[in-house]
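K.L.:
Residue-level listing of the chains:
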Amino acid sequence: MKATTKLVALLFAFALVVAACGDDDSADTTTAATTADTTADTTADTTADTTADTTADTMAPFEGTNVTAPNCDYGGVIESITATDVYEVVFSLCKPQPAFPQIAAFTPFGIQPSEHLENTLGSPLDNPIGTGPWVLEQWSRGDSIIFSAFDDYWGDQPAYETLVFRWATEGATRLLELQAGTVDQITNLSPDDFSTVQDDASLQFIPSANPNTLYLAMTNTFAPFDNVDVRRAIAMGIDRQRVVDNFFPEGSEVASHFTPCSIPNGCTGDEWYGFDAVAARAALADAGFPDGFETTIYYRDVFRGYLPEPSVVAVEFQTQLADNLGITVNIVVMESGEFIDESTNGRLDGFYLLGWGADYPHVTNFLDFHFGVSNPQFGTPHPEIYEVLSDAAVIGDVASAAPLYTQANNAIRDLVPMVPIAHGASASAALGTVENAHFRPFGAPLLHRVDPGKDTFVWMQNAEPISLYCADETDGESLAACQQVVEPLLGYAIDSGNVEPRLATACTSNDDATVWTCTLREGVTFHDGSSFDSNDVVASWAAGIDGRNPLHVGNTGAFEYFSYLWEAVIPAE
Amino acid sequence: MTRRFRRRMKPIDSETSGADESPSNAELDLILEAPTGLWRGAWRRLLRRKTGVFGLSIIGVLLVVAIFAPVIAPYDPTNVLIGKEDVKRRDPPCVHLLGCDSDTPQHILGLDGNVRDQFSRIVYGSRVSLALGFLIVGLAFSVGSVLGAVAGFWGGWTDNLIMRFMDVILGFPALLLAIAIVAALGPGLRNTMLAIAIVSIPAYARVMRSSVISIRELDFVAASRALGASKLRILWSRVVPNALTPLVVIGTLGIATAILDMAAFGFLGLGAQEPTAEWGSMLARERAQVFSSPHLVFFPGLAIMVTVLGFNLLGDGIRDALDPSLSE
Chain X
385 MKATTKLVAL LFAFALVVAA CGDDDSADTT TAATTADTTA DTTADTTADT
435 TADTTADTMA PFEGTNVTAP NCDYGGVIES ITATDVYEVV FSLCKPQPAF
485 PQIAAFTPFG IQPSEHLENT LGSPLDNPIG TGPWVLEQWS RGDSIIFSAF
535 DDYWGDQPAY ETLVFRWATE GATRLLELQA GTVDQITNLS PDDFSTVQDD
585 ASLQFIPSAN PNTLYLAMTN TFAPFDNVDV RRAIAMGIDR QRVVDNFFPE
635 GSEVASHFTP CSIPNGCTGD EWYGFDAVAA RAALADAGFP DGFETTIYYR
685 DVFRGYLPEP SVVAVEFQTQ LADNLGITVN IVVMESGEFI DESTNGRLDG
735 FYLLGWGADY PHVTNFLDFH FGVSNPQFGT PHPEIYEVLS DAAVIGDVAS
785 AAPLYTQANN AIRDLVPMVP IAHGASASAA LGTVENAHFR PFGAPLLHRV
835 DPGKDTFVWM QNAEPISLYC ADETDGESLA ACQQVVEPLL GYAIDSGNVE
885 PRLATACTSN DDATVWTCTL REGVTFHDGS SFDSNDVVAS WAAGIDGRNP
935 LHVGNTGAFE YFSYLWEAVI PAE
Chain C
5 MTRRFRRRMK PIDSETSGAD ESPSNAELDL ILEAPTGLWR GAWRRLLRRK
55 TGVFGLSIIG VLLVVAIFAP VIAPYDPTNV LIGKEDVKRR DPPCVHLLGC
105 DSDTPQHILG LDGNVRDQFS RIVYGSRVSL ALGFLIVGLA FSVGSVLGAV
155 AGFWGGWTDN LIMRFMDVIL GFPALLLAIA IVAALGPGLR NTMLAIAIVS
205 IPAYARVMRS SVISIRELDF VAASRALGAS KLRILWSRVV PNALTPLVVI
255 GTLGIATAIL DMAAFGFLGL GAQEPTAEWG SMLARERAQV FSSPHLVFFP
305 GLAIMVTVLG FNLLGDGIRD ALDPSLSE
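Protein chains in written order, with the working numbering: chain X, 385 to 957; chain C, 5 to 332.
These aren't lab readings, by the way, just hints derived from the structure by calculation.
Quick caveat, the model's predicted, so the values are computed rather than measured.
There could be a bad hint or two in this list.
Chain X is nowhere near these chain C residues, computed Cβ spacing over 10 Å in every case [stated by the list, open to error]:
hint, residue
1, Arg44
2, Val57
3, Val99
Stretch by stretch, here's where chain X covers chain C in the computed footprint (C-beta under 8 Å, at least three residues) [as the list claims (entries may be wrong)]:
hint, region
4, 110–120
5, 275–285
6, 291–304
Here a beta-carbon is modelled for each residue, glycine too, at the ideal position from N, C-alpha and C.
Put together the whole structure using the sequences plus the hints.
P.N.:
Structure representation (structure tokens):
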């Protein structure tokens, strides 16, 4: 008992000493702080001096930064990005990329100040700073995002003061809000509501021309799809016009080629087979299946611009295959993630319904992605197609590449890895009073060019952005919001996939499209007042493309568009 | 004879003997034991109840519709009318008698999302629902009653083994267990039918067991036993026929549940697969159109409701008819 009391007393005494020392420590800290202040002052002075010096000596050397891959073995396209001058950035590529401008114009490659990336430790998720026409004011999670016009914007000033982003998952809800006039424009109009909007004089119907393709795929590693004659018979035996007329919204087209014609070189070569049930049946009989065969059609029940009503369209294919070719088809609906995994890895033993929406307006985004040597989704890739494609991919000039794309498209028609069905139309809607309301084929609308005729414009989309750091986001809803704040070097035109200058006034390449030099716009300021230069470009790109960079953090850290469109991210050591 | 027995005798007495003098006690016992008398009496009592007759007539009409579906339905249920008639998908109902333009083809319940005549699909859907309803209950009834009879009659470890197994099945939420079975076997009508049948077995087994236990102690069973009848014979010709009564009620109500379950499976995409016309899956496919094309959701739903109502009313009617204490 006595011992315990002693122990407690001892502990108490010790605690007192520690506390006293602690006081001493805090005293020290105060001193340190003072010192720091002094230092800060000195530094500030010094900086001021330096600035003064620089102003005096205008020709101070520009220290350009760069990001360089150790070598090209990592599999990606980017070899180095170098700020060669205050307003010049050079991109050196590991292999030719004629589509560089189209890809670099994509919102995830937007530019933020290098200091801001450092200050936010590489994840400016809800406080982006850009050069765009809109400054982020407030993001009320779950409710809305408010932007205000940026007075020092380098381009045309918006016609109104405040831009509001809102969202609603249900198509019916969005339409109701628009009809009530509480929002000015809505996205993803459901096909059933097309006529409602068209018939309403107070609303504008805005068709969207994002190039897309629905195709009926077959995997050539499974019988009987290993037989090219079977595939050709199926290509002839489907009345695609009937599918488009009955199940697609107005404005949709039957696919004459895999790639939509709005993409340069997309539809060179012969048109797809015309529908001929008799010939198709005869061809199937010649291939050894006079009575057809039994197989499965797989799909996922997910609404897309290229496939408005998956379950209904699947039944239509089931009907047509049975009526026209005698093929008995069982319908299997799969969970979306599983479906994508199974289909794109070539593991589905029957037909499957899938489509593609363009990421950037270049034919490689359609053909090389689907029919390239490394894509197993239609079974074993055909050298007749992929060899031509890889030759064509390095040619920058559209006209020079045309003969090769003609050859590739004809080979696709001849070998029928899949049957292209339709290019689906989708639509947006706006109040009739909104001037210049539009919906671009690529990227979200340029909302600073819209005039609602009042101070505020309310935009309603189908989901809340995940974050506002779009280097590490992929969903259209996030990209639409980011695009208002942050600008990439280039951008897409308001009505086509043509590339326009944004922060770069031009990007030019050497002869084989392996070195791209971008000249930057001068006199541009960021929303924080800092001025834009080539080091900001390098810093923004480095954060995404360079796995070794301490700022390669982002939201999930996946940086999917960097690793997909530039084929790989420079790996961390 | 107990009071309860007297009561049970009374209606049988009045029906079988009519205006004759009251029979003796011995004769009454004989009448009681004759199963035909019980069923005939029950049938007559059923016909005297309005709800029972109503249920019976609904089911009668449905049976006629199902059997003569090819005659009643104007179109084949899988016939896609694109290019064959000037119609659009999801066209609303058009009945010439109700003022629909006579140039427009008549589709009294409209067209579905794939341009098929919905009335024909609902008519053919009755075949699927009724056939499966009866099949499921038939399967669950036969397996369940055999298991229950064996458990109840032999008792001991047999009883324990069978009934604990039934308890295990009952331990799961029925629909969840059925979904698990379908997930394991793969979607489709046959597997769904099996799954629903399996999860409904315990209900029949339990009721059968309790009936058998009470009946095997009755005097006439003891009499048979004393006369030297084999156990199987006693079970088969003495106990089971008398224990079936409550099972018939459960079975009739069970058909309603089975049809609802089938519809639920169809709704979840696990039951009938396209292009088979099945009410639950028809409902599910068009559920997003509930505001734009309500007829595509309303009529399959109505069909399910009416059928289930029919079996429920009939089931209630049979229960009342078999329980003479209620008929007085």
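K.L.:
Run the structure past the numbered hints and jot down the numbers of the failing ones, going up.
P.N.:
Those not satisfied: there are none.
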